[in-house]
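Residue numbers (this note's numbering), protein chains in the order written: chain A, 1 to 211; chain B, 1 to 211.
Rather than coming from a laboratory, the hints here were simulated on the basis of the structure. Any given hint could turn out to be false.
Since copy identity is lost for identical chains, a pair holds within one copy or between any two.
Below, a list of computed lysine to any residue pairs in the SDA-like style, where the Cα atoms sit at most 25 Å apart [stated by the list, open to error]:
(1) 26 to 120
(2) 26 to 178
(3) 7 to 91
(4) 26 to 119
(5) 7 to 207
(6) 7 to 78
There are 2 protein chains.
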Amino acid sequence: MSSTIQKRAARKTPAERAAEITETAKEIALEQGLSAITLRNVAARVGVASGLVAHYQPNVDALVAGIFATIVAAETEEVSGLLDRLPTPLERLGMLLETLMDGSRLDVTAIWVEAWTLGRRNEALAACVREQMDAWQAVVQRVVEAGIGAGEFDTFDAPSVAWQILGMVDGLNAQALVRWDGVSDRGTHLARAVEGMVGAARGSLLPGQAG
Amino acid sequence: MSSTIQKRAARKTPAERAAEITETAKEIALEQGLSAITLRNVAARVGVASGLVAHYQPNVDALVAGIFATIVAAETEEVSGLLDRLPTPLERLGMLLETLMDGSRLDVTAIWVEAWTLGRRNEALAACVREQMDAWQAVVQRVVEAGIGAGEFDTFDAPSVAWQILGMVDGLNAQALVRWDGVSDRGTHLARAVEGMVGAARGSLLPGQAG
DNA sequence: TCTCTTATTGATCATATGATCAATAAGATG
DNA sequence: CATCTTATTGATCATATGATCAATAAGAGA
Numbered sequence: 001m002s003s004t005i006q007k008r009a010a011r012k013t014p015a016e017r018a019a020e021i022t023e024t025a026k027e028i029a030l031e032q033g034l035s036a037i038t039l040r041n042v043a044a045r046v047g048v049a050s051g052l053v054a055h056y057q058p059n060v061d062a063l064v065a066g067i068f069a070t071i072v073a074a075e076t077e078e079v080s081g082l083l084d085r086l087p088t089p090l091e092r093l094g095m096l097l098e099t100l101m102d103g104s105r106l107d108v109t110a111i112w113v114e115a116w117t118l119g120r121r122n123e124a125l126a127a128c129v130r131e132q133m134d135a136w137q138a139v140v141q142r143v144v145e146a147g148i149g150a151g152e153f154d155t156f157d158a159p160s161v162a163w164q165i166l167g168m169v170d171g172l173n174a175q176a177l178v179r180w181d182g183v184s185d186r187g188t189h190l191a192r193a194v195e196g197m198v199g200a201a202r203g204s205l206l207p208g209q210a211g
Numbered sequence: 001m002s003s004t005i006q007k008r009a010a011r012k013t014p015a016e017r018a019a020e021i022t023e024t025a026k027e028i029a030l031e032q033g034l035s036a037i038t039l040r041n042v043a044a045r046v047g048v049a050s051g052l053v054a055h056y057q058p059n060v061d062a063l064v065a066g067i068f069a070t071i072v073a074a075e076t077e078e079v080s081g082l083l084d085r086l087p088t089p090l091e092r093l094g095m096l097l098e099t100l101m102d103g104s105r106l107d108v109t110a111i112w113v114e115a116w117t118l119g120r121r122n123e124a125l126a127a128c129v130r131e132q133m134d135a136w137q138a139v140v141q142r143v144v145e146a147g148i149g150a151g152e153f154d155t156f157d158a159p160s161v162a163w164q165i166l167g168m169v170d171g172l173n174a175q176a177l178v179r180w181d182g183v184s185d186r187g188t189h190l191a192r193a194v195e196g197m198v199g200a201a202r203g204s205l206l207p208g209q210a211g
């Protein structure tokens, strides 16, 4: 009956153990939020003493910041990769909105929202947040600039427009975190909004009714 | 030298004391965030024992939820009042965007963002958040519907469009909380976006360049 | 001035957190 | 098999939180 009881955790390579801790912290963050990342919480889930978790990190704030960066950077790269396959900026921007609004990444949205608040008391996290926002903005800006170059978009301020698109997407996703009902055609409405901002023809970003 | 030292707080009416505690908690929330509302923190600022704060509230979660509702409801009513003075829906919507994006309410934005996260572990707060979101949505929806009625807007889904406008505004404000620089003409870009979504003529919401 | 209601106190309990570090023992190396 | 490096432990300290409640004393009313 003691087959699954392990008194002492198996000894592992520092690299292995560090990776294990990081992976576990990531899971916790996605399931319960960044503030659920505590020494004891992570340690219990790994099956290890709390001191060991502390041993592999300068401090908890750094761990939280690192996990945030890991999660968010992965999302950025994933979506960015999807965009590269599409031929026209119009299609890329449409796919971007569609992908970010499909509700499949609400766990990551929750991480973003929490990070905005926690960054107030965790300077390392705040720095990561700014860095990851910049990375996202760069991805969007590239699409907008390409659209201007291709004559599909009519706007002169690609950087600002990219920021605005991001802000709008984040806000709508954060809203979805709390209230799913009541809002139909999220993607369509947002597409119309972005078309207006970017100076694209009404209905060009997403198929569907234009009203 | 002991002129300002008060051993025991002056005895006050329950109503007075409750109001004092509420007012203090509100200040703390606006300055340091909702999670800075603790029994001891509030008590110290009021100049009273921690037990007294607890005495006037069922529990801290309820206090936090109540403070959130107070702060946010005041903002809604204030802005709503401003709108009522304007004659046309176009002007009202323009003023709404302008007011919400002028950066003078970032403290309230911070409260919103924090509430979205805290609501995950504070059911009373979550309920207040939904209620206040609904209140905001109702205000915006009224404007949109009036615009449709007046023939200024061309959209059929006022409720959803209202939700979207709110989400976009919230997102952009949350973004401003972390990153002020890099984004110029926030208001103008948003105006173009909303024009596109609402089906208003380009440039009709806000004066300024339309690109 | 005395009485009595009750606003107020602050010690106390139960939890939870991050951080630290001497002690332990796993397992590679010889 | 013996040795020795070091991954791992877990007790410990310092803080912080919400909650509770018997004891206290302020101040209104008699």
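How the hints compare with the structure:
With identical chains, the CA atoms of residue 26 and residue 120 are at most 25 Å apart both within one copy (21 Å) and between copies (18 Å). When the C-alpha separation of residue 26 and residue 178 is checked against a cutoff of 25 Å, the pair qualifies both within a copy, at 22 Å, and between copies, at 23 Å. Taking identical chains as interchangeable, the C-alpha atoms of residue 7 and residue 91 are never at most 25 Å apart, the minima being 56 Å within one chain and 70 Å between chains. Proximity of residue 26 and residue 119 under a CA criterion of 25 Å is satisfied in both settings, with 18 Å inside one chain copy and 21 Å between copies.
Within a single copy, residue 7 and residue 207 get their C-alpha atoms no closer than 60 Å, and across copies no closer than 71 Å, so neither meets the 25 Å cut-off. In the homo-oligomer, the alpha carbons of residue 7 and residue 78 never lie at most 25 Å apart, since the shortest distance is 40 Å inside one protomer and 62 Å across protomers.
Violated hints, listed in ascending order, are 3, 5, 6; each of the other numbered hints is respected by the structure.
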